[in-house]
Amino acid sequence: MLPQDTNERLTQVGRGTPGGDLLRRYWWPVAVSGEVENETVIAVRLMGEDLALYRTESGKLGLMAQRCAHRGASLVYGIPEEDGLRCPYHGWRYSPDGQCNETPGEPADSTFKEKVCIAAYPVQELGGLVFAYLGPMPAPLLPRWDVLARDDLKREVGITHLPINWLALAENQMDPYHLDYLHTRYMNYVMKKQGKAPVSTERRHLEIAFDMWELGIMKRRLLEGDDPETSEEWLVGHPLLFPNTLALGGERPRLGYRVPVDDTNIIVYSMFTVPGKDGEPRSQGSSFYEIPYKHGDGSLNVETVLGTDFMACVTQGEIPDREGERLGTTDRGIILYRRLLNEQIDKVERGEDPMGVIRDPARNTPMISIPRERDAFFTHTGGMVANANQFEDDPLAMIRAKKDVRDPAHAKG
Amino acid sequence: MLPQDTNERLTQVGRGTPGGDLLRRYWWPVAVSGEVENETVIAVRLMGEDLALYRTESGKLGLMAQRCAHRGASLVYGIPEEDGLRCPYHGWRYSPDGQCNETPGEPADSTFKEKVCIAAYPVQELGGLVFAYLGPMPAPLLPRWDVLARDDLKREVGITHLPINWLALAENQMDPYHLDYLHTRYMNYVMKKQGKAPVSTERRHLEIAFDMWELGIMKRRLLEGDDPETSEEWLVGHPLLFPNTLALGGERPRLGYRVPVDDTNIIVYSMFTVPGKDGEPRSQGSSFYEIPYKHGDGSLNVETVLGTDFMACVTQGEIPDREGERLGTTDRGIILYRRLLNEQIDKVERGEDPMGVIRDPARNTPMISIPRERDAFFTHTGGMVANANQFEDDPLAMIRAKKDVRDPAHAKG
Amino acid sequence: MLPQDTNERLTQVGRGTPGGDLLRRYWWPVAVSGEVENETVIAVRLMGEDLALYRTESGKLGLMAQRCAHRGASLVYGIPEEDGLRCPYHGWRYSPDGQCNETPGEPADSTFKEKVCIAAYPVQELGGLVFAYLGPMPAPLLPRWDVLARDDLKREVGITHLPINWLALAENQMDPYHLDYLHTRYMNYVMKKQGKAPVSTERRHLEIAFDMWELGIMKRRLLEGDDPETSEEWLVGHPLLFPNTLALGGERPRLGYRVPVDDTNIIVYSMFTVPGKDGEPRSQGSSFYEIPYKHGDGSLNVETVLGTDFMACVTQGEIPDREGERLGTTDRGIILYRRLLNEQIDKVERGEDPMGVIRDPARNTPMISIPRERDAFFTHTGGMVANANQFEDDPLAMIRAKKDVRDPAHAKG
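Residue numbers (this note's numbering), protein chains in the order written: chain A, 423 to 835; chain B, 423 to 835; chain C, 423 to 835.
Hints listed in this document are in silico derivations from the structure and should not be mistaken for laboratory results.
Possibly wrong hints are sitting among the right ones.
The list makes no distinction among identical chains, and a pair is therefore deemed to hold if it is satisfied within one copy or across any two copies.
[To be verified] Simulated crosslink set (DSSO-like; lysine-lysine; CA at most 30 Å straight-line):
{"id": "1", "residue 1": "Lys482", "residue 2": "Lys618"}
{"id": "2", "residue 1": "Lys716", "residue 2": "Lys615"}
{"id": "3", "residue 1": "Lys537", "residue 2": "Lys482"}
{"id": "4", "residue 1": "Lys618", "residue 2": "Lys716"}
Sequences are here, hints too, so could you generate the full structure?
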C-alpha cells in the first residue's frame, strides 16, 4: 500500500516534479537510429516535452523544442541544415544549442535574433539508438553498456507503445515471482485454450533475492531443481540498471529500455542481439520493428513473454491506484525499489548525483560490462520455448513482428 | 420540464446514488449465454462497475470485480477454475464469493489470503441470458417471465450498444403516441426518399391510457378504426415491467431489456421468439447478433422500428436536458413514469422493496405470465410491414443482422 | 506577445463573448448549395451552435436549432415541408422563423403550440454557397462580392475541416512575408526530398504594406525584380474582406472563407473560378470536393500552397499561446489586424455596426467589385507552378481532390 502522494512523487515525469527531476538525470533513447535518416526531422516526446529530433545531410543529430519561438509553427516540419534547424514558416533558424541564428525577414543589421532561443538538448548515438539528455548541465556520460558498445553483435530493436505510466513495468521487473504464473502456467493455459502444446516447463521459485549493486539492483532466483551451489540465476542473477533498464541474457544479451513519454505513456525499446558469425559483415545500427501489445481486434497479446508482461501492466490502468493494493512477501523487490527511488529523489533534491549517473570516463571506457547470469531459465528464447532449437538460425523469429523490418540485410538472413 | 436535480436523481446509476440504489434492486442481463463459453472470462460493465464474468470448464458461472486485489491486474485475463477465478499475474485465486482462497507465492502457512477479498455478485442464467444482481442481500428472485421460462420457444437476441443514459429509452416506451409519426409517417417518408413503397399503414391514436399493475405499468392505445369493445390493444395493452423492461407480442412474445452500463451507456438486449415447430429440437440458449444503431458511414439507422426508436433517443444527447423540454398531453405516460420512479426511490431509501422485486417463489414458479394483447398493430413484424407474409418462414429476417449469428443450427435454418 | 485575456477576447466565438458577438454581425457560409438537396436536412455547426439546415421539395431553405423543443430529438432527421420543418418523433412542425405551427398529438383546439418556438436564422444562397446570419436583427445585406455574383464564372469549392481556432489562419493572411519561405523555399525543399523539380521561383520581398479600405485591409508587397511603378502587387495588392475573407486573383478570382465552427474548429471554403467559354452552359451552383489537410497516413499535406498554409496554422495548436510568441518587423500586418479586431469588438459593444457590415442596397447592387491586382506572383496556379501552362485547360487540376466531385457536368469537362 503506497499513499497517493508518494505514488505521485514516484510516477510523475514532468519538469519540476520530484520524479521528473530524477528521471532527467539520465540519458533516454528517443529513437532507433534508422528512424531519423539524413536530412530528416521526426517528432519525439520525452517526459512530457514535445521535441524535434533532426539529422542533417552530413549526419549530425540535433534535438530541440518543437515550437518555433516566432509564431509557434512546428519545427518537425523544419529544414535540417548544417548550422541548425530552420522553421518552414518564415525561415528562422536555430543552432543546435537552440540559439536563433537567422531571422531572414528582419533587417540585415537586426540584433533581434540574439534575444531569441528555444530549448535544445544534447543527443548521442550508440549501438543503433539515439539518446537524449534533458537534465541540468554538465551532462553525465552516456553509459556504454556492453550490449550497446560491443562490435561483435547483430542488434535489432522491437518498439512498443504502451498507454501507461513507466513505474508499473519497472516494478514488474523487480517482481521475479510472476514468472511462476504469468510466464509459465498462464501461457500454457493460453496455449491449451488455443489447442496448442505447452510452451514452457513450469518450475517454482524456492528463493528470491535482491542485492544492491553500484549501478542498480541485482535480482536473483533459485528455481526448483536447481543447485544453489552452481545455479547462476541464484549466484549472479541479472540487474535492473537504475533507474529502470532491464539487462538480461548471456550469449545473446538483451536490454529493455522503458522510456517515460509522459505521465501515462511509455515507449519500450527491446534490444535483442545475436553474435555475428565469423566474417559476417556487422550491422552498424539496429534493424527495428513494432512489437504491438494488442492484436488487430483490440485484444491483448498474451502469446509471448513480452506480451504477457505488457498485459499485466496495461490492465492495471494508466496510473495504478496503489492505495488499494495488497503486497505479499514476494513483493519485497517492489518495496525495495520504491524505497530506492525515494532515496534517489531525495539525493537529487539535495543537489547530488543519483545512482547510475556516470561521470568518470575510466568507468565508461571502453564499455561497462553488465554482470548477469550466462544462462537463465527465462531469457527471451531460452527456457520459455519447449523446442527452442528450431530457432537456432534465427533465435528472434518467435518475437519479431514480420512487418516493419527495415534492415534489408537482416530480412534476407 | 424536470428540474436538473430530479433529472440527476432519476438518471444516475452509480453505487450510492438514489437512482443507482434503486436499479441495484433488480437482476440485469449482463451477457447472452453464448457470449461466455466454458472456461472463458469476459469483461462486463454494469451501473458503472467493471466486472469479470466467467464460466468454468464444468459450466459454473461467476461474477466478480475486474481487478485483482494484489497488484490490480485484470481478472478478465484470469483462469476460471472450479474453485474460483485465478489471476494470471501471480496466481491468486478468488472463490465465487470473492474471498481469496490461494496466494501461491506466500508461505504455506500464511493466513494473509484470509484478509483479502474482492466484490462478487450472484449470477443466474435463464432463457439464454445471464443475469446479475448487484444489490443488498438477500437477493430477490430472478423473475421467471414466460418469455424466458417457456420451453417451446426458439429465441434470439439482438444486442445494441447505445451511448446514452437509460432513461430516455424507458420514457420512449411510456410514450405510445410516437408510433403515429416516428414509426409510420416518418418511416414511410424515409422509404419514399429511398424510392421505396411505404412500409406501414398510418393510423391515428384516438386514445392512450396507462394502468398501474402489480409488476409495472400497462400501456394501452385505441387506434383509429378499431372497436373499443374488442380491441386488445385498448382492452389489454402491454406492460413496462418495472423498472424498464418492454414486454410485447402474442404468438411471438418479445422482451426488451435496456441495461444501464453507466450514466451514459446502455446495452439493449432485444429478445425475439418464435414457437418451435412440432418435433423440432429446441434451442437451449439464444442465438445472438448485433443490431447496430448506425450504418457503417456513421448515419443513424432509420429504416427499422428499433432503429428509429434508437435515433429518437440517441439524438437527444447522452443525458438529455429536461429543463428545456415542453411536455404535452400525450406525454402523460412519461410524467406518470417519472413519478413512479421517484416513489420507488423513496421506498428504497426507507428500506422497503420497490415495485417489481419478487421474493415469493409461488409467484415466480413455474413462471410469470405477462399480460399482453395477443395481436398488436405494432409488434416487431406485425402491422409495421406491408407484406409481412414474406417473413412467414423467418419472421425475424427483417431485423436480424446477418453477421455475428453464432448459433450454427439457426444459421442453417 | 498578446496577453492571454486579449487572446481569448479575439478567439472566442460563442454567443455572448466579445469575439463571438462581433462574428455574429456577418453572414457566414454554412454549406455549398449542392450539399443540401431538395427535401433534405443536414447538420451544420456555426460559432458553437448546432443547427439543422433544410431545403424543401420546392427548393426553399431554412435554418433552425437542431433540437426539437418537445423532447429534444434532432431535427436533422426531420421532414422538410413547405410550411417548415417537422420533427420525426411526434410530428411537431416549426415554421421557418422557428415558431411551432403544428403539434399533432395535442387536442385540435390546443393553443399550446403558440407558446413553443426554437431559434431560427435567416439563410440566403449566392454563387453556389448557402449563407447564414446568426446576429441581431435587422440582418445586414449579404455582400454580393463579384466572385459570387458574376454570371460568367464557373465555380468550384474546396472544403477543408481544420481542428483550430479561426484566428491563426486569418493572421496568416495578414503575414505576406511567409511566401518567401513557406510557399517557395520550403515547398522546393519538400520537392527536392521527393526527388522532384522545384515548383516555385524563389523571390524575396523588398517591401510589404497594408492599407485600410472601407471593407477590409489591402495587403501589398514589392517583390525583388518588380518595378514599384508598375507592379500591381505593390500598387494594388489584394484585400482581407473584414472580418477574415481572402480575395485573390485577376482573371480567375478566388475567395477563401474561414468559417468559425466553434472555438477550436473551422471549415475553409476555398472558391476557385474560371471564366466560362463562349456559348458554354453556365453552372448555376458550385461543384465541390474535399481538400484534406492531411494524407491518409496522418502526415500533413505540404505539397500545395493551401496545404502548407494549413500545416503552418494547425501545428501552432488548437488555440495558440500568444504570450510566448516573438513578433518581428514582418509581423506588423498581424499587429494591425489584432488592433482592428479589438476596435471592431469595441464598436459592437457600443451598439454600432462594425467594419464590413453593409446595409445600403446601392452599395451592394448589382455587386461589389473587389479591388485586387490583376496578376499576382502568388495566385493559386500562377507563379507557384513552374509549368503552369500545362493546367491551361483545367487550371484547378493541381489543387482539386478527385474524389467527391459531385457536379457531373464539371466532372465530364
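Comparing the hints with the structure gives:
1. Lys482 x Lys618: Classified as between; 24 Å across copies, 50 Å inside a copy.
2. Lys716 x Lys615: within (18 Å within a copy, 34 Å between copies)
3. Lys537 x Lys482: within (25 Å within a copy, 59 Å between copies)
4. Lys618 x Lys716: within (20 Å within a copy, 39 Å between copies)
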